[in-house]
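These protein sequence lines map, in sequence, to chains H and P.
Each residue of the first sequence is one higher than the one before, counting from 2 in my numbering.
Each residue of the second sequence is one higher than the one before, counting from 2 in my numbering.
Hints may be right or wrong, so weigh each one.
When chains are identical, the list treats them as one kind, so a pair holds in a single copy or across two.
[As the list claims (entries may be wrong)] With a straight-line cut-off of 27 Å between C-alpha atoms, the simulated DSS-like cross-links for lysine-lysine are: (1) 91 with 40; (2) 337 with 28; (3) 40 with 7; (4) 320 with 40; (5) 321 with 126; (6) 235 with 335; (7) 28 with 321; (8) 216 with 101; (9) 232 with 101; (10) 40 with 335; (11) 262 with 116; (12) 235 with 133; (13) 320 with 239; (14) 337 with 232; (15) 320 with 133; (16) 28 with 262; (17) 321 with 239; (18) 235 with 91; (19) 216 with 337; (20) 161 with 116; (21) 285 with 133; (22) 7 with 28; (23) 232 with 382; (24) 7 with 239; (25) 335 with 232.
Simulated from the structure, these hints should not be mistaken for lab results.
Here the structure is a predicted model, which is why all the values come from computation and not from measurement.
As a plain string of letters, each chain reads:
Protein chains: 2
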Amino acid sequence: MAMDNKMMLMIPGPTPVPEQVLLAMAKHPIGHRSGDFSKIMEEVTNNLKWLHQTQNDVLILTASGTGAMEAGIINFLSAGDRVLVGDNGKFGERWALVAKAYGLQVDVISAEWGKPLDPEEFRAKLEADTEKAIKAVIITHSETSTGVLNDLETINKYVKAHGEALIIVDTVTSLGASNVPVDEWGLDVVASGSQKGYMIPPGLGFVAVSPKAWKAYETATLPKFYLDLGKYKKDAAKNSNPFTPPVNLFYALQAALNMMKAEGLENIFARHQRLTQATRAAVKAMGLPLFAPDDAASPAITAVIPDRVDAEQVRSVMKKRYDVLLAGGQDHLKGKIFRIGHLGFVCDRDILSAIGALEGTLQELGYEGAVPGAGVAAAAKVFANS
Amino acid sequence: MAMDNKMMLMIPGPTPVPEQVLLAMAKHPIGHRSGDFSKIMEEVTNNLKWLHQTQNDVLILTASGTGAMEAGIINFLSAGDRVLVGDNGKFGERWALVAKAYGLQVDVISAEWGKPLDPEEFRAKLEADTEKAIKAVIITHSETSTGVLNDLETINKYVKAHGEALIIVDTVTSLGASNVPVDEWGLDVVASGSQKGYMIPPGLGFVAVSPKAWKAYETATLPKFYLDLGKYKKDAAKNSNPFTPPVNLFYALQAALNMMKAEGLENIFARHQRLTQATRAAVKAMGLPLFAPDDAASPAITAVIPDRVDAEQVRSVMKKRYDVLLAGGQDHLKGKIFRIGHLGFVCDRDILSAIGALEGTLQELGYEGAVPGAGVAAAAKVFANS
């Protein structure tokens, strides 16, 4: 029953933070113009390139993921530019709002929340654009609000075939969870945030920028200053920052990236795949409907749309009795779905804990849709076979 | 001689962080949409109003001070609007650049670096503006690059006499160090940053906004999304945030504001006044020229422009032998001045330590402009008499 400081975060951010990252953060700040800080800047920048599988610049902003994504949009475009924006959830919707706020001509390709974007719709629009008026395609890779992973690889192929448009991607809950090979796929602008796969608290945003995007930057005229990525690039070349960086979050970033390197990218991706499969198998075994289809399952979050039990009651018992925090639905999904985060510093045991708590919660709520224990058994089976 | 983890920060930011603030930051993050976080948000917002001596909204951004100040400018103006910008240092210069980046019509009132802005120049321009075309006056209160405190109170009186223009102020190194009574003076937009008087690491920006400024917001058309203060105001009313806040920096903010309340505003201001006077007395006693005049001395930082010893050599010995980090000059002052920070979590003893180290440094550099010990004696005399 609700103990202080015992809450287990199973939300899509902030995600659990390892002890060594918390302790790294508790060190006294050093001067951000010192040689010692430059060394940290150099190390984390190199490790960010490793994480992004890229030789492109990866820039670090003091901002939430939204700030990073906004920077990724406004630095490479001018008012009136035509952009295609994929919208199948809260975040896709947000990027359309950002684009409109800056006077871009926004062409939205949408899908029902819970369903993936259809790459063919992008192909059709891009092929029809023989005048090459489309300057960018903006999509969300893992749509956090619904637990849907969009088919970035295929959509990006159509962008590449178009030739002119930049591909600008929100990878906030996919980077560090599933494979996003920035150079291999040729992704132009890739934005992410610290409180996700990075395993550190919120406060840092990241933007990877390709040479093609930098070329667009030269002629882009949208106003910017704090989010002007050219300033960050210029200073990063000297292992410095244009504006005071959050030194303690850099300590955290340094520690977390070293943990990620020790685990290795392949292992990180395999782990998230395993956690996702185990969670989905357990949810199915409990007779609860999954919100996203199997072939478009986010590696970060699993959304459940229960039909015989109230989603908010589930969240409430999970929190109050079992000290497990799940996310609810956003906007029109509020009260209709609950979301189980399995992103970042999450191990196999955590899934069994969360599923066990979910089974206990269903029992408490008088749910009769499944054999008690079936959820944990199904998750454990996935682990045993992987 | 240069010990690990022993560096004493005497720069204008990051400033020293109390142990209890560091430890608060090392707690595991909680969900930012939880009731527990709402309570923190409510508490820190109330305490921020106390610190600002205001009933106005005080909004919290994940950003450096520059991000907060940019938000303070772009939310209340439209392209082509005429603004007066005071420029007598690196930061005044920066706000002119921000204003220009957004297409504002910028009228710069400048003073030589090291000298305060002349309020009479503001009076003249504002009185001449009978058509009320000037939409805002933008100034830096404590100019960190030079250690000059501009006469905000007097300049603001002329702005009030004008009637139409907003007063937008960078108080990054004055808030929490000297008196900035937002409501009493009627300051419309007041921006600050966490790694200063707040005694916490960098990463948070703050903007206080008056009802008059909110009225201007309604018709302001500069594009914005992440820095759109209307979104922060709307969510702050529900003790929430539009974008994921840096939860651990909020823990730090909560702890630091409670320390500040325990000390009390009058005591905080008196302490900074005392540290400033002691530092200046010591510098004079050592025969070193001060860069800013006595009657425009910043409460945060004291700049010294040595004529018989090299500024960078001073910084180097201070750092390497005495583990004291001083700031250097910026831009054309690089290599010409050094700056002693005395902002935030700094006590009388710290000034004696720094001055003692400075005396040792001067001795090591063969400086013969003062009787050894005169600096510490002069500082101690200020303390003894206050």
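A quick look at each hint next to the structure:
Taking the shortest Cα distances, residue 91 and residue 40 sit within 27 Å of each other only across copies (26 Å), while inside one copy they are farther apart (38 Å). Proximity of residue 337 and residue 28 under a CA criterion of 27 Å is satisfied in neither setting, with 42 Å inside one chain copy and 32 Å between copies. Within a single copy, residue 40 and residue 7 get their C-alpha atoms only as close as 36 Å, which misses the 27 Å cut-off; across copies the closest is 18 Å, which meets it. When the C-alpha separation of residue 320 and residue 40 is checked against a cutoff of 27 Å, the pair qualifies only between copies, where the shortest distance is 17 Å, while the shortest distance within a copy is 42 Å.
Within a single copy, residue 321 and residue 126 get their C-alpha atoms no closer than 49 Å, and across copies no closer than 62 Å, so neither meets the 27 Å cut-off. Taking identical chains as interchangeable, the C-alpha atoms of residue 235 and residue 335 lie at most 27 Å apart only when they sit on different chains, with a minimum of 19 Å there against 43 Å within one chain. With identical chains, the CA atoms of residue 28 and residue 321 are at most 27 Å apart between copies only, with a shortest distance of 20 Å across copies and 33 Å within one. Taking CA atoms no more than 27 Å apart as the test, residue 216 paired with residue 101 passes in both settings, with 23 Å inside one copy and 23 Å between copies.
For the homomeric pair residue 232 and residue 101, the shortest alpha-carbon distances inside one copy (24 Å) and between copies (16 Å) are both at most 27 Å. Only between protomers do residue 40 and residue 335 lie at most 27 Å apart by alpha-carbon distance; the minimum there is 22 Å, versus 45 Å within a single protomer. Proximity of residue 262 and residue 116 under a CA criterion of 27 Å is satisfied in neither setting, with 33 Å inside one chain copy and 51 Å between copies. When the C-alpha separation of residue 235 and residue 133 is checked against a cutoff of 27 Å, the pair qualifies neither within a copy, at 30 Å, nor between copies, at 40 Å.
With identical chains, the CA atoms of residue 320 and residue 239 are at most 27 Å apart between copies only, with a shortest distance of 21 Å across copies and 47 Å within one. In this assembly of identical chains, the alpha carbons of residue 337 and residue 232 lie at most 27 Å apart only when taken from different copies (25 Å versus 44 Å within one copy). For the homomeric pair residue 320 and residue 133, neither the shortest alpha-carbon distance inside one copy (51 Å) nor that between copies (57 Å) is at most 27 Å. In this assembly of identical chains, residue 28 and residue 262 lie within 27 Å of each other by CA distance both inside one copy and across copies; the values are 22 Å within and 24 Å between.
For the identical chains of this complex, residue 321 and residue 239 are inter-copy neighbours only, at 22 Å across copies versus 50 Å inside a copy, given an alpha-carbon limit of 27 Å. With identical chains, the CA atoms of residue 235 and residue 91 are at most 27 Å apart between copies only, with a shortest distance of 18 Å across copies and 33 Å within one. With identical chains, the CA atoms of residue 216 and residue 337 are never at most 27 Å apart, being 45 Å at best within one copy and 38 Å at best between copies. Taking the closest pair of Cα atoms, residue 161 and residue 116 come within 27 Å of each other only inside a single copy of the chain (24 Å); across copies the shortest separation is 56 Å, beyond that limit.
Proximity of residue 285 to residue 133 under the C-alpha cut-off of 27 Å is found in neither arrangement, the shortest distances being 45 Å within a copy and 67 Å between copies. Proximity of residue 7 and residue 28 under a CA criterion of 27 Å is satisfied in both settings, with 24 Å inside one chain copy and 11 Å between copies. Taking the shortest Cα distances, residue 232 and residue 382 never come within 27 Å of each other, neither inside one copy (51 Å) nor across copies (46 Å). With identical chains, the CA atoms of residue 7 and residue 239 are at most 27 Å apart between copies only, with a shortest distance of 25 Å across copies and 42 Å within one.
Proximity of residue 335 to residue 232 under the C-alpha cut-off of 27 Å is restricted to the inter-copy arrangement: shortest distance 20 Å between copies versus 40 Å within a copy.
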